[in-house]
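Number of protein chains: 2
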Amino acid sequence: MTAFDIAVLTTGDELLSGELTDTNTGTIAEILSRHGYRLRCSLSVPDQEKEISAALTYLVGHVQFIIVTGGLGSTGDDLTARAAARALGQAQVINEEALEMIRQWFVGRNRPMEPSNERQALLPQWAKPLANRYGTAPGFRIQHQGCELFFLPGVPSEMKAMFEQAVLPILQQKIPEVAPLQQRNYKLFGLPEPRIESMIPYRQLPQGVDVAFALDYPLVVLKLKATGHDAGELLDQAEALVMKELGEHIIARDGESPEANVAKLLTHAGLTISLAESCTGGLLASVLTRQPGASAFLERAAVTYADSAKQDWLKVPAELIAQHGAVSENCARAMASGLRHTTGTDLTLAITGIAGPDGGTIEKPVGTVFIALASPSGIHVKRYNFSGDREKVQRMSTYMALEWLRRYALRQLESRHK
Amino acid sequence: MTAFDIAVLTTGDELLSGELTDTNTGTIAEILSRHGYRLRCSLSVPDQEKEISAALTYLVGHVQFIIVTGGLGSTGDDLTARAAARALGQAQVINEEALEMIRQWFVGRNRPMEPSNERQALLPQWAKPLANRYGTAPGFRIQHQGCELFFLPGVPSEMKAMFEQAVLPILQQKIPEVAPLQQRNYKLFGLPEPRIESMIPYRQLPQGVDVAFALDYPLVVLKLKATGHDAGELLDQAEALVMKELGEHIIARDGESPEANVAKLLTHAGLTISLAESCTGGLLASVLTRQPGASAFLERAAVTYADSAKQDWLKVPAELIAQHGAVSENCARAMASGLRHTTGTDLTLAITGIAGPDGGTIEKPVGTVFIALASPSGIHVKRYNFSGDREKVQRMSTYMALEWLRRYALRQLESRHK
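Protein chains in written order, with the numbering used here: chain L, 5 to 422; chain V, 5 to 422.
Be careful, since some hints might not be right.
It does not matter which identical chain is meant; a pair holds if it fits inside one copy or across any two.
[Said to hold, decoys possible] Derived pair list, reagent style DSSO-like, types lysine-lysine, alpha-carbon separation capped at 27 Å:
hint: 1; residue 1: Lys54; residue 2: Lys178
hint: 2; residue 1: Lys319; residue 2: Lys178
hint: 3; residue 1: Lys396; residue 2: Lys368
hint: 4; residue 1: Lys396; residue 2: Lys164
hint: 5; residue 1: Lys268; residue 2: Lys422
hint: 6; residue 1: Lys396; residue 2: Lys268
hint: 7; residue 1: Lys54; residue 2: Lys227
hint: 8; residue 1: Lys229; residue 2: Lys54
hint: 9; residue 1: Lys54; residue 2: Lys132
hint: 10; residue 1: Lys227; residue 2: Lys164
hint: 11; residue 1: Lys386; residue 2: Lys319
hint: 12; residue 1: Lys319; residue 2: Lys368
hint: 13; residue 1: Lys248; residue 2: Lys422
hint: 14; residue 1: Lys229; residue 2: Lys368
hint: 15; residue 1: Lys229; residue 2: Lys178
hint: 16; residue 1: Lys268; residue 2: Lys227
hint: 17; residue 1: Lys319; residue 2: Lys268
Hints in this document: simulated from the structure, not taken from any laboratory.
Looking at chain L on its own, in the form it has when it is part of the complex (with noise of 0.2 Å):
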């Protein structure tokens, strides 16, 4: 146990049976981070004064700081106060305080205060109600044995305000000040993720620099971490030394999707592109265009699964297709072409391919997509196997193409500031 351990409990059987994920520890975790703070564990149980009042009573032997939520309602599956009551060897009593708090509460809203709200008055006796303005439930603080325990509600809009509220400037008084951690994320794609690890320059990275790494198919994020006040200098240092590695794998930083960055390349490279999907169905378009702005860049995009379709749009001819069939190295180069012609867009992509389950071949397995690229250099076509189901390989294709567009753009951008 360090100095400042904190802990958050949360409470709820919804989120022991699947039906509802806790959101609330990430909520609390998010905010403690942004302020140099660490959470040591968290831990749920069901609401259950039993369950409750064993995890409380473990949790005050190991951290200094407890941040409870849920189960401060007015039904019958409310205990958290009870729970609390018996876990710290305290009387349940009104507690006058809060029992004003809760009838201004319908005062302010001109309802009536049903007899089921006065059971949220009801708290450990040593207990001190925290106010909630977003709900009937008052939270409240316990001090005991050197720990210290708030208790919230857990709607997650009124446990964020009150914990933002009641409970950071409190942590913020007894825990001395810390330097927040600072942290990069670099997206990788393309590489695996033991590749990458073996690419980092680890004995040349300052000292006091982690490096972490997360999985967010298909992409590997990698993590530079410092604490401190020179945090911002080591990671500048380690940045560099990265990116000379890896800089060119980088599809996105932080927390911009791959595409919002290609969205912004293509915008300031000032390129237009149109684009012609076929085993993708339309998510390169969907995705680029969920960017605002993206009609500053997207003329049209073409999603051709009938063969009519890539004749009509693409000009693909049918003689073509019957040869090399749609998915193959020539109906890709004559999709990004023909819609390239109809359109004058600097840039065209094409993908064709097998997403699966079915239509796979031996020749052509499932998995297998072609990717095509007009520009005013030519076309440029290559296949894949990519791996995996149906949503797997639409999306692999996705981010590839994502990431010829997002080359195409940066070597565009290089070559007008040489």
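Given the structure of chain L, go ahead and fit chain V onto it with the hints provided.
Relative to the frame of chain L, chain V by itself:
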């Protein structure tokens, strides 16, 4: 402690820094509850050997089954196996069986194995490896002091597959069969939650059936639950009552997505469609083509951002756009009719609107969307005013379009049965 307590321990710095929300606990909880089991508690700790080890020591004393996820990767911050060895007082050794699994994984993919992958075979001495078909990291299983521990990778898809294939069957052998909770989910579109609640015939519902709600924007999920040996019968009765009131608003059921349901109905009805999307930018095409066999009903889709694309592919007259604007009832109608004329599909659906953030006017604010459906019985157009940001407007438009297609296909199927 009851006889069959199950706990989940998730590991990962990201879970306690707010970077990542833990979904593994929810997945396991949901699968368990489908089989009548309940989680007793869940715990999250950072990627630190000491913390993982302390959590394991605590859990071993409290529950009978422990499922651990995360920290089995090949990089330096993957410390679960070492922590387990320490907590359980076992040496950490290369497990030959696990090593062979890793080798085979690479052989099967014709890819070279990195030396760091060997680390993934370093398991506690008495661990039995569990095969992982979807990644390099084998899981493992250890029996210790009457407690059974399962270690699975943290990647959600790998974790889920291994839990279902390797862990669940063991739990089912060891834990006497229980009458599982039965649950049916109905996804409703187009009605707010309080309205849905007011339409439920609570008084007529058979005793023992519970009703619950969840939000999955823009859908409301209505849940009916019952336990015991007559659960199926009770739910049948309740379902019949609910269907009478709400049946027409149910866009999908249980695990099915609205788009999967629409794809199924279009296929059953033998209807072919073509799409013209402007503000949704291919989102409708992409959710439909995510479904296997989409080529049975989808002929093609046009993402016509530029007016020139609306003219070329959809035969929308330039004058019409000049007079009424691209976001107008007339344009939506012309898009649908023009494309249907070209493709000859049974249905053509067109969407044009202002998704934002820019482009809104007083007459046509952001969220103004026109949907048109051309069918053998004519063209139907409607204006909507959706609220929310770009992503919400795109999503609402897409769901609304799906709802149009669903209702059309249903009417077709019903009229044939008459």
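Query - Violations among the numbered hints, reported as their numbers in ascending order - result: Result: hints 2, 14 and 17 break, sorted rising.
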